[in-house]
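K.L.:
Respectively, the protein sequence lines represent chains C and X.
Position one of the first sequence corresponds to residue 1174 (my numbering), numbered consecutively onward.
Position one of the second sequence corresponds to residue 2 (my numbering), numbered consecutively onward.
There could be a bad hint or two in this list.
[What the hints assert, rightly or not] Heads up, simulated EDC-like pairs for lysine to aspartate or glutamate below, C-alpha to C-alpha not over 16 Å straight-line: (1) 1260/C x 1336/C; (2) 1205/C x 1256/C; (3) 1273/C x 1263/C; (4) 1321/C x 44/X; (5) 1205/C x 1336/C; (6) 1273/C x 1420/C; (7) 1321/C x 84/X; (8) 1322/C x 1267/C; (9) 1322/C x 44/X; (10) 1234/C x 1336/C; (11) 1205/C x 1267/C; (12) 1322/C x 58/X; (13) 1234/C x 1223/C; (14) 1322/C x 87/X; (15) 1275/C x 1409/C.
[What the hints assert, rightly or not] Anything over 12 Å on all C-beta distances counts as not near chain C; from chain X, calculated: (16) 9; (17) 39; (18) 74; (19) 76; (20) 86.
In case anyone wonders, no lab produced these hints; they're calculated from the structure.
The model shown is predicted, which means the values in this text are computed figures rather than measured ones.
Glycine is no exception: its CB is placed at the ideal position from the N, C-alpha and C atoms.
Chain residues, written in single-letter form:
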Amino acid sequence: MDEQEFLEYVQAGGQVEAGDWMPDEYRARLVKFVEMHANSELMGVLPEREWILRAPTLQRKLALTAKVQDEVGHAQLLYRVVEDLGKPRESSFDDLLSGKAKFHNVFHYATASWGDVGVIAWLVDAAAIVSQKALLKSSYAPYARIMKKICWEESFHILHGRDVVLAMVTGTDGQRELVQDAVNRWWPPLMQFHGNPIPRDEDPMYVWRIKSQGNEEARQQFLDGYVPQVRELGLELPDPKLRRRDDGVWEYTEPDWDELRHVVTGHGPMSEQRLDLRRLARANSAWATQLLLAEAA
Amino acid sequence: MTVFEVFRQERKGQAFQHAGSIPAPDAAFAEAWAREQYGRRGESVALWLVPREAIHEVEDFPDEFDLKYRRVDGYSIKSRLKEARERAGTPAPGDR
């Protein structure tokens, strides 16, 4: 099989296993894509972790802790896929902590209140599950397979987030305001989340069928699924242009793509602090890694 | 570190399916981790942990002699059945 035949194979829906021959470009793009996914799961727990100690009830504390465990578990599954493609986990950590590798924009922002915890678990996870469901059809079979477990667990998180939001919007005016305030702040990053609307045939990740849908398709699917759910709670979305046309297409104010680029290259409001915390965690747990490696040797 | 491949059984009586892999210094560590990763929500009733090196993989199935009689596509019943019915003078089930 040559590169052209491989391309035709994946474009016709063919799937590739770890031991199969693959073009260097495919392998490189795959590593970059799955690694960013893994980094996002790992970094994504940090904004939520900040709220474990401040959760309003024991039940919420346990649920949030379980969500954090799920996300770290997802990172582990994803780093395993990257490792089997030839990049050791320690190198992935090095690149994450040095700023060479990226993680998703939404995990570079601060969390202001418990309302943010609900909005993140509900809407950020909803945006993520739209992308992740499309990855069930990835041309790279080991990636597609682990996505089943990931999507299953993400659906718990959406439930948990929605429950937190519902408790608050049926609570006091103050609680309701906290949710509205969180929605106002999270909406712009959510609109940037699926990336700029380049045609899918110009997106190398789609061309190689590492992902199975274009950025704009994902955003439209997210809007279609969740805008009505937000609005039915009497919450407002901070975009006066947001509306569903008669042909079913959502119109919206152009997201700030410069901000997206700026944030994912490590210049977000919390980028450096979160990476520092990860650096600290790695340093503090180095002894355990050393011990295990020594035991294994 | 040994890479352990994890297979999980969802319900009694079902086939074990490959679920993922876990790097661990020994089987005890792999077990503790696999219980967390694949069993904490009651999604498995049993797990198999197998060191990756122990798996003997086979993935080529050449058929040099074209042994069609071993496969379902090796038999073309349709035209023969038609001929047999014509000889016997019996109608096809749909025409009855």
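K.L.:
Decide, hint by hint, whether the structure agrees.
P.N.:
Hints, verified against the model:
At most 16 Å may separate the alpha-carbon atoms for a hinted pair to count; residue 1260/C and residue 1336/C exceed this at roughly 39 Å. Distance restraint check for residue 1205/C and residue 1256/C: the Cα-Cα separation of roughly 12 Å lies within the 16 Å cut-off, and the hinted pair is therefore satisfied. A threshold of 16 Å between alpha carbons decides the hint, and for residue 1273/C with residue 1263/C the separation of about 14 Å falls inside it, so the pair holds. Restraint check: the Cα-Cα separation between residue 1321/C and residue 44/X comes to about 12 Å, which is no more than 16 Å; the hinted pair holds.
Proposed proximity of residue 1205/C and residue 1336/C is contradicted: the alpha carbons are some 34 Å apart, above 16 Å. About 42 Å separates the Cα atoms of residue 1273/C and residue 1420/C, which puts this hinted pair outside 16 Å; it is violated. With a C-alpha separation of about 50 Å, the suggested pairing of residue 1321/C with residue 84/X is violated against the 16 Å cut-off. For a cut-off of 16 Å, the pair hint linking residue 1322/C to residue 1267/C is broken: about 27 Å separates their Cα positions.
Taking the CA atoms of residue 1322/C and residue 44/X, the gap is near 10 Å; set against the 16 Å cutoff, the hint holds. Annotation: proposed proximity of residue 1234/C to residue 1336/C holds, straight-line Cα distance about 14 Å (limit 16 Å). With a CA separation close to 14 Å, the supplied pair residue 1205/C and residue 1267/C stays within the 16 Å bound. Restraint check for residue 1322/C and residue 58/X: the C-alpha separation of about 25 Å exceeds 16 Å, so the hint is violated.
Restraint check for residue 1234/C and residue 1223/C: the C-alpha separation of about 11 Å stays at or below 16 Å, so the hint holds. For the suggested pair residue 1322/C and residue 87/X, the alpha carbons sit about 56 Å apart, so the restraint of at most 16 Å is broken. For the hint linking residue 1275/C to residue 1409/C, the alpha-carbon distance of about 31 Å lies beyond 16 Å, and the restraint is violated. Residue-level check failed: residue 9/X sits 10 Å from the nearest beta carbon of chain C, not beyond 12 Å.
The Cβ of residue 39/X sits about 8 Å from the closest Cβ of chain C, inside the 12 Å cut-off, so the non-interface label is violated. Against chain C, the non-interface label of residue 74/X holds: every CB pair exceeds 12 Å, the least being about 21 Å. With a least CB separation of 29 Å from chain C, residue 76/X remains clear of the 12 Å interface cut-off, as annotated. For residue 86/X, the shortest C-beta to C-beta distance to chain C comes to about 40 Å, beyond the 12 Å cut-off, and the non-interface label holds.
Checked against the numbered hints given earlier, the structure breaks hints 1, 5, 6, 7, 8, 12, 14, 15, 16, 17 and satisfies all the rest.
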